Amino acid sequence: MNNTELQSRLLDWYDQNKRNMPWRGCGDPYKIWVSEIMLQQTRVDQATPYFERFMEHFPTVHDLAQADQQEVLKVWEGLGYYSRARHLHAASKLVVNEFDGKVPDNWEDINKLKGVGPYTAAAVLSIAFQKKHAVMDGNVIRVLSRYFGIEDNVRTTKTKNIIQEYADELISEERPGDFNQALMELGATLCTPSSPECEVCPLQKNCVAFKTLRTEEIPYKSKKKKRPHHQIGVGIIMNKEEEVLIALRPNDAMLGGLWEFPGGKQNEDEEMPDTVRRELKEELDVDVAVKKPFMKLDHAYSHFKITMHAYLCEIQKGTPKPKSSQEVRWISIDELDDYPFPKANRKLTEKLMNLNRGQQELEI
DNA sequence: AACCCGGGGCC
DNA sequence: GGCCCAGGGTT
1 MNNTELQSRL
11 LDWYDQNKRN
21 MPWRGCGDPY
31 KIWVSEIMLQ
41 QTRVDQATPY
51 FERFMEHFPT
61 VHDLAQADQQ
71 EVLKVWEGLG
81 YYSRARHLHA
91 ASKLVVNEFD
101 GKVPDNWEDI
111 NKLKGVGPYT
121 AAAVLSIAFQ
131 KKHAVMDGNV
141 IRVLSRYFGI
151 EDNVRTTKTK
161 NIIQEYADEL
171 ISEERPGDFN
181 QALMELGATL
191 CTPSSPECEV
201 CPLQKNCVAF
211 KTLRTEEIPY
221 KSKKKKRPHH
231 QIGVGIIMNK
241 EEEVLIALRP
251 NDAMLGGLWE
261 FPGGKQNEDE
271 EMPDTVRREL
281 KEELDVDVAV
291 KKPFMKLDHA
301 YSHFKITMHA
311 YLCEIQKGTP
321 KPKSSQEVRW
331 ISIDELDDYP
341 FPKANRKLTE
351 KLMNLNRGQQ
361 ELEI
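1 is the number of the first residue of the first sequence in the numbering used here; add one for each residue after it.
Hints listed in this document are in silico derivations from the structure and should not be mistaken for laboratory results. A quick note: this is a predicted structure, and the numbers were derived from the prediction, not measured. Certain hints may be false.
Stated by the list, open to error - Simulated pairs of lysine-lysine, DSS-like, Cα-Cα distance not exceeding 27 Å:
id, residue 1, residue 2
1, LYS265, LYS211
2, LYS160, LYS93
3, LYS74, LYS321
4, LYS351, LYS265
5, LYS114, LYS158
6, LYS321, LYS343
7, LYS305, LYS292
8, LYS305, LYS343
9, LYS281, LYS291
Claimed, not checked - Restraint ranges, calculated between C-beta atoms of paired labels, are given here:
id, residue 1, residue 2, range
10, GLY27, LYS321, 20 to 30 Å
11, VAL200, ASN354, 23 to 33 Å
12, ASN354, GLU52, 41 to 51 Å
13, ASN3, SER194, 25 to 35 Å
14, HIS299, ASP274, 16 to 26 Å
15, HIS57, ALA300, 20 to 30 Å
16, ASN3, ASN354, 55 to 65 Å
17, THR157, ASN111, 17 to 27 Å
18, GLN204, HIS299, 20 to 30 Å
19, GLN130, LEU94, 36 to 46 Å
20, SER324, THR212, 49 to 59 Å
Positions of the beta carbon are idealized from the N, C-alpha and C atoms, including for glycine.
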């Protein structure tokens with residue numbers, strides 16, 4: 001199968017089988033850019049409702065550039081990898097101030113945008129501007145490694161460079177954006193990690209992995225390290241006015257720009273209430289009484305897991321000061337929904353709000 | 001090159 | 001449980 005035949009088979013399949021996506025076929029470089037940022041390490045079905053909501057809040061790059069970061073993060077809340085939102089927001093200002101409000105249509109300039117790497121640059125240039133740049137994402141790696149029978153570890157830079165060269169050679173002149181999307185669509189819907197649907201695949205005829213019955217072995221990936229598990233203690237500090245204390249995480253930290261209930265990791269041979277007292281002293285410079293357990297929950301991040309133990313607390317001495325955090329604030333339970341919280345903390349705010357609505361006893 | 005960075009769905 | 005996902009940034 002030569003390149004022309006592969007392209008026409010793939011594009012014909014794509015024309016008949018592509019899924020509907022709100023940014024697909026819109027021709028708006030801003031929307032395509034935002035969609036590609038949201039789709040980094042995120043499935044289409046997960047990103048789609050966020051994309052719709054994002055466009056309602058920020059229909060143009062100017063709306064995004066003028067928005068407050070807190071507002072952007074609130075719309076992004078729950079989607080994860082929050083540096084994407086901060087970088088996108090910063091990049092929108094660059095587009096407005098340096099590029100006349102137009103998403104760059106060339107490789108050099110688009111790579112000046114924060115959060116835009118090789119994949120996203122190629123995706124936006126090809127899909128929005130019909131420029132011939134081949135993308136390489138997890139789908140392309142899987143499809144091409146199977147098609148060409150590449151058995152090397154695809155986590156290495158060397159193997160990725162080889163696959164990128166194949167993609168560069170295969171990409172269609174006439175429809176580079178559709179070709180890229182077709183390859184990814186094939187990987188997302190037919191050429192899946194397990195149980196691929198080879199019987200209906202348009203590339204079956206020349207696929208090395210199919211012909212040698214090795215689709216379950218290719219692509220080969222070296223194992224990842226297993227994630228450590230930490231015990232985390234946090235304090236829900238309430239005052240006489242039934243307000244709770246929340247802290248703003250620094251922009252350069254994990255979950256940067258989001259709010260949380262202060263706390264931290266349990267030390268060895270330390271009781272959890274002592275952990276909470278110690279952490280709140282370190283982070284806020286206050287002495288608290290740990291009154292009673294409020295909630296225990298498990299949560300998984302990319303590189304570790306936690307069990308979070310939340311306690312209702314009361315300040316005995318001192319006034320909370322932002323030490324490890326950027327800012328602290330007393331707010332009413334009703335206002336918790338107005339602030340961006342990471343998922344694990346959001347589970348705590350939901351319980352607080354439910355109890356509050358039910359007039360339950362939040363007293364300690 | 002290795003590590004960091006969320007959350008959700010699937011097996 | 002682990003794996004995967006339309007990856008990029010930092011060290």
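Comparing the hints with the structure gives:
Annotation: proposed proximity of LYS265 to LYS211 is violated, straight-line Cα distance about 52 Å (limit 27 Å). Distance hint between LYS160 and LYS93 is unfulfilled; the C-alpha atoms sit about 32 Å from each other, more than 27 Å. About 24 Å separates the Cα atoms of LYS74 and LYS321, which keeps this hinted pair within 27 Å; it holds. Among the hinted pairs, LYS351 with LYS265 is consistent with the structure: their alpha-carbon atoms are about 22 Å apart, no more than 27 Å.
With a C-alpha separation of about 25 Å, the suggested pairing of LYS114 with LYS158 holds against the 27 Å cut-off. Taking the CA atoms of LYS321 and LYS343, the gap is near 25 Å; set against the 27 Å cutoff, the hint holds. Distance restraint check for LYS305 and LYS292: the Cα-Cα separation of roughly 24 Å lies within the 27 Å cut-off, and the hinted pair is therefore satisfied. Straight-line distance between C-alpha atoms of LYS305 and LYS343 comes to about 13 Å, which keeps the hinted pair within the 27 Å bound.
Of the pairs offered as hints, the one joining LYS281 and LYS291 holds, with about 16 Å between alpha carbons and a cut-off of 27 Å not exceeded. Here the CB-CB span from GLY27 to LYS321 is close to 51 Å, at odds with the stated 20 to 30 Å. At about 47 Å, the CB distance of VAL200 to ASN354 disagrees with the hint of 23 to 33 Å. Our hint of 41 to 51 Å for ASN354 and GLU52 is violated, since their Cβ atoms are close to 27 Å apart.
Range check, ASN3 to SER194: about 29 Å between beta-carbon atoms, so the 25 to 35 Å window is met. In this structure the hint that HIS299 and ASP274 lie 16 to 26 Å apart at CB holds, the actual value being about 22 Å. Taking the beta carbon of each, HIS57 and ALA300 are about 29 Å apart, inside 20 to 30 Å as hinted. At about 59 Å, the beta-carbon gap between ASN3 and ASN354 stays in the expected band of 55 to 65 Å.
Checked against the hint of 17 to 27 Å, the pair THR157 and ASN111 passes, with Cβ atoms roughly 18 Å apart. Evaluation of the 20 to 30 Å hint for GLN204 and HIS299 yields a failure: the beta carbon distance comes to about 42 Å. Separation of GLN130 from LEU94 is about 23 Å and departs from the stated range, judged on CB atoms against 36 to 46 Å. The beta-carbon spacing between SER324 and THR212, approximately 55 Å, falls within the hinted interval of 49 to 59 Å.
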